[in-house]
Amino acid sequence: MLSYLAKRLTLSLIVVALVLMLLFSMLHMIPGNPAILALGTRATPEAIAEYSARMRLDEPVAIQFLIFVGNAFQGDLGTDVFSGRPVTQVIGERVGFSMALIFSGMGWAILLGIPLGCLAAVRPNSWIDRITGVFSVGTIAIPSFLVSIWAILIFAIQLGWLPAIGAGEPGDIGDQLSHLILPAFAIGLGWVGYLARMVRASMLEVLSEPYIRSARAFGLSPRKVTGYALQVAILPTITVIGMGFGGLISAAVFAEIIFARPGVGKMIFDAVSDRNFPILQGGVLLATGFYILVVLLSDLLIAWFDPRVRQSL
Amino acid sequence: MKQMKTTRRTFLATSAATGATGFVLGSANMLRAQEGKVLNLRLDGDNQILDPGYMVGGTEVEAQKQCLPFLAEYVRDGDAFSWQPTSYVTRLEYADETHIEFELAPGLMWSNGYGTLKASDVAYSYDRMKESEWSGYFDALDRVEVTGELTGTLVLSSPFAPFIMVTLCHGPGAIVCEQAVKDAGGRFTTEFPAVCGPYTYSATPGQRAVFDRNPEWTGPAPGFERVVLQVITEVQAAELAFEAGEVDCTELGPDALARYTQNPPENTAVTTAGELQYMWMGMNTEHPKLQDIRVRQAIQHAVDVDSIIAGAYANTSSKSNGIICPGLIGHRSEASYSYNPERARELLAEAGVDSLQVTLRTQNWQERLLAAQIIQANLGAVGIEVQILPLESGPFWEMGMEEAGDTWQELELWLMRFATVPDPYEATQWFVSEQVGIWNWERWTDEEFDRLYQEGLTETDPDARAGIYARMQQIMDDTGAYVWINHEPEVYVHRTNIAIDAAPSGELNYRNFTQV
Chain B
6 MLSYLAKRLT LSLIVVALVL MLLFSMLHMI PGNPAILALG TRATPEAIAE YSARMRLDEP
66 VAIQFLIFVG NAFQGDLGTD VFSGRPVTQV IGERVGFSMA LIFSGMGWAI LLGIPLGCLA
126 AVRPNSWIDR ITGVFSVGTI AIPSFLVSIW AILIFAIQLG WLPAIGAGEP GDIGDQLSHL
186 ILPAFAIGLG WVGYLARMVR ASMLEVLSEP YIRSARAFGL SPRKVTGYAL QVAILPTITV
246 IGMGFGGLIS AAVFAEIIFA RPGVGKMIFD AVSDRNFPIL QGGVLLATGF YILVVLLSDL
306 LIAWFDPRVR QSL
Chain Z
2 MKQMKTTRRT FLATSAATGA TGFVLGSANM LRAQEGKVLN LRLDGDNQIL DPGYMVGGTE
62 VEAQKQCLPF LAEYVRDGDA FSWQPTSYVT RLEYADETHI EFELAPGLMW SNGYGTLKAS
122 DVAYSYDRMK ESEWSGYFDA LDRVEVTGEL TGTLVLSSPF APFIMVTLCH GPGAIVCEQA
182 VKDAGGRFTT EFPAVCGPYT YSATPGQRAV FDRNPEWTGP APGFERVVLQ VITEVQAAEL
242 AFEAGEVDCT ELGPDALARY TQNPPENTAV TTAGELQYMW MGMNTEHPKL QDIRVRQAIQ
302 HAVDVDSIIA GAYANTSSKS NGIICPGLIG HRSEASYSYN PERARELLAE AGVDSLQVTL
362 RTQNWQERLL AAQIIQANLG AVGIEVQILP LESGPFWEMG MEEAGDTWQE LELWLMRFAT
422 VPDPYEATQW FVSEQVGIWN WERWTDEEFD RLYQEGLTET DPDARAGIYA RMQQIMDDTG
482 AYVWINHEPE VYVHRTNIAI DAAPSGELNY RNFTQV
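Protein chains in written order, with the numbering used here: chain B, 6 to 318; chain Z, 2 to 517.
FYI, nobody ran anything at the bench for these hints, they're computed from the structure. Just so you know, not all the hints are guaranteed correct.
[Claimed, not checked] Below, a sample of chain B positions facing chain Z; criterion: calculated Cβ distance under 10 angstroms:
{"#": "1", "residue": "58"}
{"#": "2", "residue": "74"}
{"#": "3", "residue": "77"}
{"#": "4", "residue": "81"}
{"#": "5", "residue": "83"}
{"#": "6", "residue": "85"}
{"#": "7", "residue": "135"}
{"#": "8", "residue": "136"}
{"#": "9", "residue": "138"}
{"#": "10", "residue": "161"}
{"#": "11", "residue": "266"}
Ideal placement from N, C-alpha and C gives every residue a C-beta, glycine not left out.
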């Protein structure tokens, strides 16, 4: 198990390095002078030169990359070119909001999607199965930004039940939770349907296995049989959920923009528009690290659930 | 292995509890928002650098106007814009064309124990600006002479008519506390080292900026105890927030403006701050396809600007007749050409052009693309085939710059919009001969234009200035290189019980917001 972990961590480092190299290459392929974009079209040549030097834009790309990697290993991701604040501090202020959004979005999707999928599988072709099918396809098909806008129009503007924008009063947990409901709903809704479909399909396959028939023949209660089946059927879903966390970073960008929430996704989006390279590099490094971490955790979780995987490590 | 314990019953109970909690918390939040004299506004992004010498601009200027002294401020005089002394001064006047005398109001305190506002702070601030990234605004200033603790004279190196409007009323005219800035190391970013205004400032990056009443402020009281600005980057999201009652005032985009104008919600008013943006379709006079002035004039006559304003801007912006915006000296009520497709065909025939393909470059924004499509149809009607090339900001803003590559040689037509300050000189400076290959992408030169530009800077008589700028726009018309499109307004929607105050260029001045 330890050697497996070591191998995965090494691979993860290689992936991070490759992503960063790709990012650096792409940054320099983006058309437009970042200094003009950042300082405005009326910036003086002196200001442009000063900005370029401050961002080390005049260095070769390879040198910029090595400087960044060297500093990153020491925990220094550079400074925000506008405010001069450390990138780690800027990211630190936002990462909690992103994590809260991503985990609550996926959390409620798991809580609803998996039971829905199970229900549909144990009663195939019943009305609940059909409704789940329609609901699943419907929610998967609707883009999360549309759900966001509808959620605001219905729950904030028409009904006035929930706040539309922001992350809530700093320090007021209750207020922050109320501000989390609509964005989490918006980014999680599609996942409810997706998980329900996945679990249903896996469950149907497992429920037709001989050992499940044997369990039924031994007189185990339907609930117990479903529980055993779910332990096996959930494995592919865990992998998908792990990868889904990575996808939610992208989905969160829309939610963060529409609900005006602070977050890493929106920060990266703004950094691309502003050509704020240090923030962009730091944000992408964090997103990549997070993605690799959740995929690794999901693999370890599968190994924990499935003895066959454990034995093959 | 432990089995999952989630049952249908526990799941439903959990969901119901979560929903109920959200409802209760949300309702409580709504109630809190309505308490007290709190003004809720939108901030389109974090304030990154509050230091006037190194600011990015925009909302940072708004913050400075609440927390730092200024000598002059904009005032609307009918349809025109003018200036007046602020409450920070008891006197601000021209002694002659190059000397502006001021006297500060007594007893105005800097926060954090930095004592009173002094004339030496003005001298320090403006000397500092001459060395800053915004030094261009202070080119005309030679020095500040301090003649007493509260009095001084701004000495200009040569007469410069727009100095008060362009420099003193605008963000670069902010005065900082000499000692506080020195103690902060000479520059500051996200916090003011000392404030002297009706509000103090604090911010939570990515979330909000808050202006609270400054207990040390002895000047005119602001209309609200607290101003909370939520960071909402997208204007459409801000419109939703306004409709949800979470902000009291926000900027409107063209689509929303049309909607609010035609069908205004209850208790909602719309205020136009100014129209200090000018958009045009430019033509490269050096391009082989467009070198013949008759071809350019044909294009001028072929474009139906009224259709663009109706189709792309829902009739929410005024038609442009030049680079001088409405409300400014020299603004024209009509251009020297008009929509006349028949005349366009005649000019093309005279030029011997029977088939012409041109490329129209534009930023990839919704309104611009619609405008480009209307132009495409208009030019198609007179036999000119137009290919539209949408571009992202980066390549767009450098495509006419010689130092950015060779794209300027391929430029044919493009849609361009500049913003300006409330004085005509600023708009004209981009079209003088030395700007060819920098911002004069049409690439024409005219000695009379260059001379008039210099005369406009020093001329102080408004009528004479109006004549100068009218003539300069006529010269631009005569090049055939411009089709003037529109002046997009800066428009705000707000509650009817709030009177707002916005600078002509759109910056809000919260200290002058009042409840009515």
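(message) Could you work out which of the previously given hints the structure breaks and list their numbers from low to high?
(response) 1, 2, 3, 4, 5, 7, 8 and 9
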